[in-house]
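Here is what each chain is made of, one letter per residue.
2 protein chains.
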Amino acid sequence: MASEPTRVMVAVNESTIKGYPHASISSKKAFEWTLKKIVRSNTSDFKLLLLHTQVQDQDGFDDVDSIYASPDDFRHMRERNKAKGLHLLEFFVNKCHEIGVGCEAWIRKGDPTEVICHEVRRVRPDFLVVGSRGLGPFQKVFVGTVSEFCVKHAECPVIVIKRSAEESPQDPADD
Amino acid sequence: MASEPTRVMVAVNESTIKGYPHASISSKKAFEWTLKKIVRSNTSDFKLLLLHTQVQDQDGFDDVDSIYASPDDFRHMRERNKAKGLHLLEFFVNKCHEIGVGCEAWIRKGDPTEVICHEVRRVRPDFLVVGSRGLGPFQKVFVGTVSEFCVKHAECPVIVIKRSAEESPQDPADD
Chain G
1 MASEPTRVMV AVNESTIKGY PHASISSKKA FEWTLKKIVR SNTSDFKLLL LHTQVQDQDG
61 FDDVDSIYAS PDDFRHMRER NKAKGLHLLE FFVNKCHEIG VGCEAWIRKG DPTEVICHEV
121 RRVRPDFLVV GSRGLGPFQK VFVGTVSEFC VKHAECPVIV IKRSAEESPQ DPADD
Chain X
1 MASEPTRVMV AVNESTIKGY PHASISSKKA FEWTLKKIVR SNTSDFKLLL LHTQVQDQDG
61 FDDVDSIYAS PDDFRHMRER NKAKGLHLLE FFVNKCHEIG VGCEAWIRKG DPTEVICHEV
121 RRVRPDFLVV GSRGLGPFQK VFVGTVSEFC VKHAECPVIV IKRSAEESPQ DPADD
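If you read the protein sequences in the order shown, they are chains G and X. Counting from 1, position 53 in the first sequence corresponds to residue 53 in full-length UniProt numbering; the numbering is continuous, with no gaps. Counting from 1, position 137 in the second sequence corresponds to residue 137 in full-length UniProt numbering; the numbering is continuous, with no gaps.
No lab work stands behind these hints, which were simulated from the structure alone. Owing to the predicted nature of the structure, the values given are computational and were not obtained by experimental measurement. Built from N, CA and C at the ideal position, the CB exists for glycine as well. Incorrect hints may appear among the rest.
Stated by the list, open to error - The list that follows gives simulated cross-link-like pairs (lysine-lysine, DSSO-like), each with its CA atoms no further than 27 angstroms apart:
1. G:36 <-> X:152
2. G:95 <-> G:109
3. G:29 <-> G:95
4. X:84 <-> X:29
5. X:84 <-> G:162
6. X:36 <-> G:162
7. G:37 <-> X:162
8. G:36 <-> G:162
9. X:95 <-> X:109
10. G:47 <-> G:152
11. X:47 <-> G:36
12. X:84 <-> G:47
13. X:152 <-> G:29
14. X:36 <-> G:95
15. X:152 <-> G:37
16. G:95 <-> X:37
17. G:47 <-> G:162
To be verified - Okay, the calculated bits of chain G under chain X, using three or more residues with CB under 8 angstroms as the criterion:
18. 13 to 20
19. 28 to 41
Using the sequences plus the hints, can you model the full thing?
As structure tokens, then:
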């Protein structure tokens, strides 16, 4: 088949409980669902575009016990965070290579909702897959959901993959 | 590959401008997108579940010039409407057979939002594809969108395929 592969963007992030380099339950689920239900054995007809957004405030929060004495300390911190993000992407890229599906992976800093919609406009995937923690209405008020924002604002078709009940931690916000 | 095919439910409806047996621009687009971007050449790994909901009021509206003199007249009308729905499904089923992808198609009467969500619970597809007319906020108030309801309430992943600008009629509600 000579036509261009279907380009599927998958938004991936780290676990809020375990941190880097662990992928969140919901983004791992969205990734695995895409391989199992869409790509299947047809690996040559798909290309996965793996986007990881590093949330800056969240990363900064890990560093409350750090002491910064020089400009270099901040540079080291930034490099360390970048390395953490790379380990996360490595997990997904390795899986793609194992099964033989083409992929590209990259990191952006910022608010995931804005970054994802911006990257959709920039790279023009055929569709976007995002995981969802499946929060109830009460939890959504405080946590917000990236997936809902993408469904409304991303300029491409979006498919939201919810975690199944047995995959969810006791507090659904832990992912 | 011995595993079960991916079961994709596609909601199809007739054109509001042309009526039966013409498929709406948006449901034809959703169907063709699914074949082109998801199924591709891998026809044996997918099964399409084509659901057409007949809106009862809308169909009744076509019959304002009819005269009913006996119970049989109503039966004939119902049979005619059913036949119209069958012609619509025939269009989609023929396309599936042409390219060699398995399918099942059926008709339900009622409100599309409720029927689609009910059928999702009943047949448990891997995901649901719905077309969207891409209405603006003003038009949505009066017309409502089936796709938005499905995204919120259907108990499976949902992908909404919007019509492209060049496919849209002058009045986006005509589809």
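Hint by hint, here is what the structure shows:
1. G:36 <-> X:152: Holds, at roughly 24 angstroms.
2. G:95 <-> G:109: Status holds; Cα separation ~24 angstroms.
3. G:29 <-> G:95: Holds, at roughly 13 angstroms.
4. X:84 <-> X:29: holds, 20 angstroms
5. X:84 <-> G:162: Roughly 37 angstroms between the alpha carbons, so the hint for residue 84 of chain X and residue 162 of chain G is violated.
6. X:36 <-> G:162: holds, 25 angstroms
7. G:37 <-> X:162: OK: residue 37 of chain G and residue 162 of chain X at ~22 angstroms, within 27 angstroms.
8. G:36 <-> G:162: holds, 15 angstroms
9. X:95 <-> X:109: Given that 27 angstroms is the threshold and the Cα spacing comes to 24 angstroms, the pair holds.
10. G:47 <-> G:152: Roughly 24 angstroms between the alpha carbons, so the hint for residue 47 of chain G and residue 152 of chain G holds.
11. X:47 <-> G:36: holds, 14 angstroms
12. X:84 <-> G:47: violated, 40 angstroms
13. X:152 <-> G:29: holds, 19 angstroms
14. X:36 <-> G:95: The hint holds at about 25 angstroms.
15. X:152 <-> G:37: holds, 21 angstroms
16. G:95 <-> X:37: With Cα atoms ~22 angstroms apart, residue 95 of chain G and residue 37 of chain X stay inside 27 angstroms; holds.
17. G:47 <-> G:162: holds, 22 angstroms
18. 13 to 20: violated (count 0)
19. 28 to 41: holds (count 5)
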